[in-house]
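Residues in the sequence shown are numbered from 1 upward in steps of one, following the numbering used here.
Some hints here could point you the wrong way.
In silico DSS-like pairs for lysine-lysine, Cα to Cα no more than 30 Å straight-line [as the list claims (entries may be wrong)]:
#1 65 <-> 118
#2 123 <-> 154
#3 2 <-> 77
#4 170 <-> 122
#5 122 <-> 30
#6 146 <-> 25
#7 146 <-> 123
#8 7 <-> 176
#9 146 <-> 4
#10 30 <-> 129
Hints in this document: simulated from the structure, not taken from any laboratory.
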Amino acid sequence: MKFKSRKANFNDIDELERLIEISAKSINAKYYTKSEISAALGNAWTVDKQLILDETYWLVENQNKKIVGCGGWSKRKLLFGKSESLGSSKTELLPGIDAARIRAFFVHPEYTRMGIGKELLKKCEAEAKSLGFDSLELVATLSGQKLYSANGYKKIKAYKVELEDGITNKVISMHKNI
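Kindly produce the complete structure, drawing on both the sequences and the hints.
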């Protein structure tokens, strides 16, 4: 099956949000309860418009131009979720000092295990490296940890993220030198 990757733009947001919801409800159902998934959607698991503005958010389309995967990286301090203030230079990381962030990877459940996540990860790592970053960090979902571990990311620690109404999600902080 042929896939095409390109940078996400603001016209893609609605379709990306649908993809994130489908992916989260299917793939993460083995790891999180329905209430944990619902609390994360639109909060921790969502499109961060800052990634689109920074042109660091990628998507993958199938032959019918349907978005089947997405993922990006960031030069900003935020590890996951969405930026409340767009374009703030106060939130920028310093290449060679700080680790760039890997962010918001989701794949449609019908397209898992086809190399989409791995290919997006390679693109993000190459872009971050080209701008002087020598390491990357991320906060992985329990389902995402497998992808990142298989691609050289090392677990730092597991912890719980507060979402809403006392609901938490267990996540794994990970790091990789590039």
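Right, here's what the structure says about each hint:
Distance restraint check for residue 65 and residue 118: the Cα-Cα separation of roughly 20 Å lies within the 30 Å cut-off, and the hinted pair is therefore satisfied. For the given pair, residue 123 sits about 19 Å from residue 154 by alpha-carbon distance, which is consistent with the 30 Å threshold. At roughly 34 Å between alpha-carbon atoms, residue 2 and residue 77 are farther apart than 30 Å, so this suggested pair is violated. About 26 Å separates the Cα atoms of residue 170 and residue 122, which keeps this hinted pair within 30 Å; it holds.
The straight-line distance between the Cα atoms of residue 122 and residue 30 is roughly 26 Å, inside the 30 Å bound, and the hint therefore holds. Restraint check: the Cα-Cα separation between residue 146 and residue 25 comes to about 18 Å, which is no more than 30 Å; the hinted pair holds. Distance restraint check for residue 146 and residue 123: the Cα-Cα separation of roughly 18 Å lies within the 30 Å cut-off, and the hinted pair is therefore satisfied. Annotation: proposed proximity of residue 7 to residue 176 holds, straight-line Cα distance about 23 Å (limit 30 Å).
Between residue 146 and residue 4 the CA atoms are separated by roughly 24 Å; this keeps the pair inside 30 Å, and the hint holds. Proposed proximity of residue 30 and residue 129 is contradicted: the alpha carbons are some 34 Å apart, above 30 Å.
The structure shown violates the earlier hints numbered 3 and 10.
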